[in-house]
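Those protein sequences? They're chains A and B, same order as listed. Each residue of the first sequence is one higher than the one before, starting from 1 at the first, in the numbering used here. Each residue of the second sequence is one higher than the one before, starting from 1 at the first, in the numbering used here.
Errors might be hidden in some of the hints.
Since the list can't tell identical chains apart, any single copy or any two copies may satisfy a pair.
To be verified - Restricting the straight-line Cα-Cα distance to at most 25 Å, the calculated cross-link-like pairs of lysine to aspartate or glutamate (DMTMM-like) are: (1) LYS38 - GLU246; (2) LYS196 - ASP302; (3) LYS298 - ASP368; (4) LYS298 - ASP191; (5) LYS298 - GLU195; (6) LYS313 - ASP117; (7) LYS366 - GLU349; (8) LYS247 - ASP191; (9) LYS364 - ASP164; (10) LYS364 - ASP25; (11) LYS434 - GLU132; (12) LYS434 - ASP160; (13) LYS394 - GLU123; (14) LYS224 - ASP164; (15) LYS480 - ASP350.
Hints listed in this document are in silico derivations from the structure and should not be mistaken for laboratory results. Source: prediction; values computed, not measured.
Number of protein chains: 2
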Amino acid sequence: WECEGVGGVFHSLDRTGRNLLYETDRVLVRVQDLIPEKADQLIWLRARVHTSRAKGKQCFLVLRQQQFNLQALVAVGDRASKQMVKFAANITKESIVDVEAFVRTVEQKIESCSQQDVELHIERIFVISQAEPRLPLQLEDAVRPDGDGEEEGRATVNQDTKLDNRVIDLRTTTSQAIFRLQSGVCQLFRDTLTEKGFVEIQTPKIISAASEGGANVFTVSYFKTSAYLAQSPQLYKQMCICGDFEKVFCVGPVFRAEDSNTHRHLTEFVGLDIEMAFSYHYHEVIDSITDTMVRIFKGLRDNFQTEIQTVNKQFPSEPFKFLEPTLRLEYTEAVAMLHEAGVEMGDEEDLSTPNEKLLGRLVKEKYDTDFYVLDKYPLAVRPFYTMPDPNNPKYSNSYDMFMRGEEILSGAQRVHDAQLLTDRANHHQIDLEKIKAYIDSFRYGAPPHGGGGIGLERVCMLYLGLHNIRQTSMFPRDPKRLTP
Amino acid sequence: WECEGVGGVFHSLDRTGRNLLYETDRVLVRVQDLIPEKADQLIWLRARVHTSRAKGKQCFLVLRQQQFNLQALVAVGDRASKQMVKFAANITKESIVDVEAFVRTVEQKIESCSQQDVELHIERIFVISQAEPRLPLQLEDAVRPDGDGEEEGRATVNQDTKLDNRVIDLRTTTSQAIFRLQSGVCQLFRDTLTEKGFVEIQTPKIISAASEGGANVFTVSYFKTSAYLAQSPQLYKQMCICGDFEKVFCVGPVFRAEDSNTHRHLTEFVGLDIEMAFSYHYHEVIDSITDTMVRIFKGLRDNFQTEIQTVNKQFPSEPFKFLEPTLRLEYTEAVAMLHEAGVEMGDEEDLSTPNEKLLGRLVKEKYDTDFYVLDKYPLAVRPFYTMPDPNNPKYSNSYDMFMRGEEILSGAQRVHDAQLLTDRANHHQIDLEKIKAYIDSFRYGAPPHGGGGIGLERVCMLYLGLHNIRQTSMFPRDPKRLTP
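So that you can see chain A by itself, here it is in the shape it has in the complex:
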């Protein structure tokens, strides 16, 4: 593996990276910092070999760091031998190299690189980590827009191949952008709520009883007994409200054992959850949530424009639109809009997925927004713990929120009275024994409260106008995928 050369220095490190230990005074530069002002400086750089092309006595490399790349040249001359050019030409794509090189300005812009005005003239090159010669997918294929491949006879990479080789797929500009933006969503969510006085809580994922009856729950072997994976942190958020934390949020995995093989279902996803006591009206809760969503949308628009543009290159979409204040429609209004559009459905019927999407289009046409709240769902289509509308027993103090016509949050005012909760559970024919702990939480004084849970991957998918939730889950889990 070691191969010291003459006429230039070029070799591979041993497997422990031993030689690295002796170079701690070297400063590695970043590709994005290599601009004409750095011309003629001798620098050290660590990067991946994005492409390599030998041409007579020269070898042209494109070196890449994340979304940035530049051209580098090894040419036979004073500092490099034929062997060194050959060595460079043989470095496999995706290998990681350290190079010592002079920064040189170029006469003609290098259109194919992010750094168009400079190139590197390599003096020394070391292979830090060698990639196997055959890659399971090519990065340039993985970022090609769907249509482009077919027309020009070039390959695109299907979703499963990308996911099977996520380690490589994550290196593409599109993946880098998506997951940086996702990281931003989490940060904006937490920062907004922390500023509003919410406390972050950690809720258990292994639970002893499935609170809503046991459907769609994963079972875990727990020593000599069985347990379940939490379908939501709702009970625990509510216990924190009963425990006087007043306003809480949590970010964590949520598990759904649904055999749904759709573009928007995962068996494990990240829930951004909110719960809060309110003073007089559950619309205080809606306002807190919509305010948080708007802060997220603005933060993405203002701080992640590069990422949005990068994703758009591969997956074009319209910019995400929202209103201030957020549009809130009542369920009856939505049904009326659908009726007017020719849809036949009952007043107290739940929205089907196609009707949700159609409603999204109607709302967009009428109000020019991709984000809105649908308030006051029929009581019959909501879970037992949903507070009935005190003024109309057919409806409830509950709401969903939508982005581009797809649901991203479901929430409600919760029943905070043990007796009413018991009555509602009985009405739903739920076994009281199984939800005893839940009901008991409200026996020692509970303030009126409400909340909701947001799906992180859906928010990212819909904000970016993508069409498959596996694109915004780094390591997605669905009924057919458990790896990597």
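Put chain B on the given structure of chain A with help from the hints.
Same frame as chain A, now just chain B:
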């Protein structure tokens, strides 16, 4: 439930909180804002009835919001009837009430309340949520220091009773302080790393194979197959490094199916995980982690002093000490210190828990710090993916970190070469088939990298000088506890 009165207004709301709807113009004040400057104002307040005591024609209440409380008085006179005093006296402890009251200064400080200079003279009182008359535990018992109870014949509450009734126990000043501080640890951890250019990632908890051989892993029924709960996000963090994210962190649940019934083991805890590529030496990783820990310690010291003092009232402890830069000892030095203290152990033997604690005391005596790093563990006692020390094959580029003599982090430089990783796995007699996906992650170029995982509950426990990890886990899970 409704009971409108004469000579004052006092009643209970219906179970939906219907009446609340009509009061959206009322402003509720906070207990901590009730200071002498507010004297003679008529205010509205929502709070819990902490205690209530009738005395002739008067009823004294203590009203509480989180850690703040104040005295309130209902007295027969112009505005209140006998019935109203009786109604107030009958409100059960922990019920939530809305009161309209005048703020009045008091002549003698009310030592037992947080608001010592004012009291409320109640004009109207409504019960928002009524607590059952018999509480499973008394808040004042739950915060009594261990010794105090016995001496004075007063009750303390044991750990299990507290946990069984967490909804009430969370209301104590101690619990409120602990979990606010815990929220602060998470925020400080993330903010520090985000500032350092780390990207937050979300890693799956349901995994298809147990990467370290299958011991101590919970099994999940996954549709027609079986899966496991992740014992750490390490593989996924490393895949992100191989996927060019360079520096990543994640905060999430970690599952360990160990039948360990100790003061510091949980079957589910929150991992604060870090992974990063480094340039030349794995000490860059140690420095990033210790710098993050120091930022957390400083943030807690500077911003959570009230919480620390509150916990100290019930559980006295010495202030947490740390050095800058963080003390880093080599394993051989630690063994020498233990030998000097009379401990018999081999150079390449792992540290037992008692020896860890003893070492903590020796380090504290010698260096006056409660936080330090132990570097260069014997290779034999570390997992197969640990990078051997290139200069001494008996040791490894790995480290643990300790707070008050107990381990809070385990970490290492990872083997980033697929062939060396295969060799190391063979040496450990690990079935290569089971870790194929893990090894394959390193076949397409991987930078030298390292990281570690921190246990959130341990950091909180040890920072506060507590002695049971169930105190810093809101809903702890251990082999014997799955509820609430």
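At most 25 Å between C-alpha atoms: does LYS434 with GLU132 qualify within a copy, between copies, both, or neither? Between copies only: 21 Å across, 54 Å inside.
(Q) Within, between, both or neither: how does the pair LYS313, ASP117 come out at a Cα-Cα threshold of 25 Å? (A) within (22 Å within a copy, 65 Å between copies)
Discussion item. One pair to classify: LYS434 and ASP160, alpha carbons no more than 25 Å apart. Within, between, both, or neither?
Written reply: between (40 Å within a copy, 21 Å between copies)
**Study point:** Same-copy or cross-copy closeness of LYS364 to ASP164 [CA-CA at most 25 Å]
**Key:** Answer is neither; intra-copy 37 Å and inter-copy 49 Å both fail.
- Are the CA atoms of LYS247 and ASP191 at most 25 Å apart within a copy, between copies, both, or neither? both (14 Å within a copy, 21 Å between copies)
* How do LYS298 and ASP368 come out at 25 Å by Cα distance, when the copy is not named: within, between, both, or neither? -> within (17 Å within a copy, 48 Å between copies)
25 Å Cα threshold - placement of ASP25 relative to LYS364: So LYS364 and ASP25 fail the 25 Å test inside a copy (58 Å) and across (33 Å) alike.
Copy assignment of LYS298 with GLU195, given that the CA separation must stay at most 25 Å: So LYS298 and GLU195 pass the 25 Å test inside a copy (16 Å) and across (20 Å) alike.
Practice task
Check LYS38 against GLU246 for me: Cα-Cα at most 25 Å, and say if that holds within a copy, between copies, both or neither.
Solution key: Between copies only: 24 Å across, 55 Å inside.
task: Pop the pair LYS480 and ASP350 into one bin, within, between, both or neither, using alpha-carbon distances up to 25 Å.
output: Cα proximity of LYS480 and ASP350: none, with 28 Å in one copy and 42 Å across.
Check your understanding: Quick one: LYS196 to ASP302, C-alpha cut-off 25 Å, is that within a copy, between copies, both, or neither?
Key -> both (21 Å within a copy, 21 Å between copies)
Is the C-alpha distance from LYS394 to GLU123 at most 25 Å within one copy, between copies, in both cases, or in neither?
-> neither (78 Å within a copy, 37 Å between copies)
Comparing the model with each numbered hint stated earlier shows that hints 9, 10, 13, 15 do not hold.
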